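What follows is each chain in one-letter form.
2 protein chains.
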Amino acid sequence: MPKIVDAGERRREIAEALWRLAMRQGLEAVSLSAVAAEAGVSKGRLQHYFASREEMLLFAAGHAADRLRERVRRQLAGQAAPPPMAAVRALLVALLPVDEESRTGALVNVAFFIRALATPALSGAFRQGSAELLETISRCLRDARQAGELAAGIAVEQEARVLLALAGGLSSGMLMGDTSAEEAAETLDYHLARLRL
Amino acid sequence: MPKIVDAGERRREIAEALWRLAMRQGLEAVSLSAVAAEAGVSKGRLQHYFASREEMLLFAAGHAADRLRERVRRQLAGQAAPPPMAAVRALLVALLPVDEESRTGALVNVAFFIRALATPALSGAFRQGSAELLETISRCLRDARQAGELAAGIAVEQEARVLLALAGGLSSGMLMGDTSAEEAAETLDYHLARLRL
DNA sequence: CATTTCACAATCCGATCGTATTGCAAAGGG
DNA sequence: CCCTTTGCAATACGATCGGATTGTGAAATG
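Which chain is which? The protein sequence lines are A and B, in order. For the first sequence, my numbering assigns the number 1 to the initial residue and increments by one for each residue that follows. For the second sequence, my numbering assigns the number 198 to the initial residue and increments by one for each residue that follows.
These aren't lab readings, by the way, just hints derived from the structure by calculation. One thing to keep in mind: the hints can contain errors.
As the list claims (entries may be wrong) - Ranges between beta-carbon positions, derived for each pair:
| id | chain 1 | residue 1 | chain 2 | residue 2 | range |
| --- | --- | --- | --- | --- | --- |
| 1 | B | A204 | A | R20 | 39 to 45 Å |
| 2 | A | L192 | B | E267 | 44 to 50 Å |
| 3 | A | R12 | B | G321 | 34 to 40 Å |
| 4 | B | Q244 | A | A34 | 24 to 30 Å |
| 5 | A | R196 | B | S230 | 54 to 60 Å |
| 6 | A | S31 | B | R270 | 37 to 43 Å |
| 7 | B | R270 | A | H48 | 51 to 57 Å |
Stated by the list, open to error - Interface residues of chain B toward chain A, partial, derived using beta-carbon atoms under 10 Å:
| id | residue |
| --- | --- |
| 8 | R221 |
| 9 | H245 |
| 10 | E252 |
| 11 | F256 |
| 12 | Q276 |
| 13 | G374 |
| 14 | A390 |
The structure presented is a predicted model; accordingly, all values stated were derived computationally and were not measured. We put the beta carbon where it would ideally sit given N, CA and C, even for glycine.
When you get a sec, could you build the whole thing from the sequences and use the hints?
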């Protein structure tokens, strides 16, 4: 048998080149030749690892979702036994484009958003992702309630929706450049402070 | 002199056909021929009214922004002398994709978002739009404060940011289909209730 | 050492893209 | 009535697209 390469790794390399292109110029600019050039490989290689452009885009979106999940998990596992509201904050901050990696993730997310609206396979993944996030936020809020850190008027389910939407909206503002990371954190902390007793 | 037509009206017709295409298939699918077919006119007519595809896209984005501004204005002018917090609610609801027109607006907005990140002319318009909205929300909140409808812990500027981000996040959820109009209204009202005394 | 199989690279193909060019019908003003 | 100007339609053009096809070097098996 011939050369053995890690196909998953190669696909991921290609997907990340695709991200960089999508970030800079949008998904419209993601052609086979452009991705190949960005990755520094031949067009033939892309065709070897992906049956079509569509499959390549799908894989790139899935890979981005995996990375986001991993980032959230890392952020939550960061502190050993944090006060519950600190966990809520950490979780929400993980959703904001604060560094290079999360900015890439957020941009790729937005780039695929519209496409997802017309692509069942993608929209399912998006919906599942946000459902997972909503559940995680709810869980953290319930912990906070048990720890007595939550004000009386807070409804966990509703507040989780508010927080998820808030993080999404702040992300958009940050990507567009009309909100700095500091302002976003300030706004987030202002809101979180009002959840406490 | 020959036939006289309302050039602005023709451009708007074309822009709205472009929206319909962008909603269904994203901006990638917006080619001259596709827009011409959607509008039921010849490709030559598009070229007559727009110097390039780029200019056509720019005009379509601007036209969408105009419509949003007008919708917000209508919504605010709706009631003669509403209680200030009702004005805040009306304003935020105007940002949500609750009917066909606002859904179109929201979708077009998202479609142009990524493109705006790499297009100075567009990103300027986006930034100005959100600054205007932020100012309008702040003004409403100040009215509410003067009317004594606002709880003590509310900081007008910060809360305006929260509300704008919240509306943006809820819009995304509604577009993706994981939030119904009723759920979004519920979440919004839940949050607004916590702003009152 | 021959052979098979994988991992590409290179080239080709028809379709479609945005744009430029050309032609022409219709509608006032001279 | 002619002439100019506008509002398009039609077509031509080179570039680029996604995808198919073909060619080749390297490695493991027999």
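Verification of the supplied hints:
1. As the Cβ distance of B:A204 to A:R20 is approximately 41 Å, the hint placing it in 39 to 45 Å holds.
2. Separation of A:L192 from B:E267 is about 36 Å and departs from the stated range, judged on CB atoms against 44 to 50 Å.
3. Range check, A:R12 to B:G321: about 36 Å between beta-carbon atoms, so the 34 to 40 Å window is met.
4. Checked against the hint of 24 to 30 Å, the pair B:Q244 and A:A34 passes, with Cβ atoms roughly 27 Å apart.
5. In this structure the supplied range 54 to 60 Å holds for A:R196 paired with B:S230, their Cβ-Cβ distance being about 58 Å.
6. A:S31 and B:R270 have their C-beta atoms about 42 Å apart, which keeps the hinted 37 to 43 Å range intact.
7. Separated by about 55 Å at the C-beta atoms, B:R270 and A:H48 satisfy the suggested range of 51 to 57 Å.
8. Given the 10 Å rule on beta carbons, the hint for B:R221 holds: about 6 Å separates it from the nearest Cβ of chain A.
9. Because the beta carbon of B:H245 sits about 25 Å from the nearest beta carbon in chain A, more than 10 Å, this interface hint is broken.
10. Hint status for B:E252 relative to chain A: violated, with the closest Cβ pair at about 16 Å, above 10 Å.
11. For B:F256, the shortest C-beta to C-beta distance to chain A is roughly 18 Å, which exceeds 10 Å, and the interface hint is violated.
12. Hint status for B:Q276 relative to chain A: violated, with the closest Cβ pair at about 26 Å, above 10 Å.
13. Restraint check, B:G374 versus chain A: the minimum CB separation of about 7 Å is within 10 Å; hint holds.
14. The interface hint given for B:A390 is met, as the beta carbon of that residue sits about 8 Å from the closest beta carbon of chain A, less than 10 Å.
Checked against the numbered hints given earlier, this structure breaks hints 2, 9, 10, 11 and 12; the rest are met.
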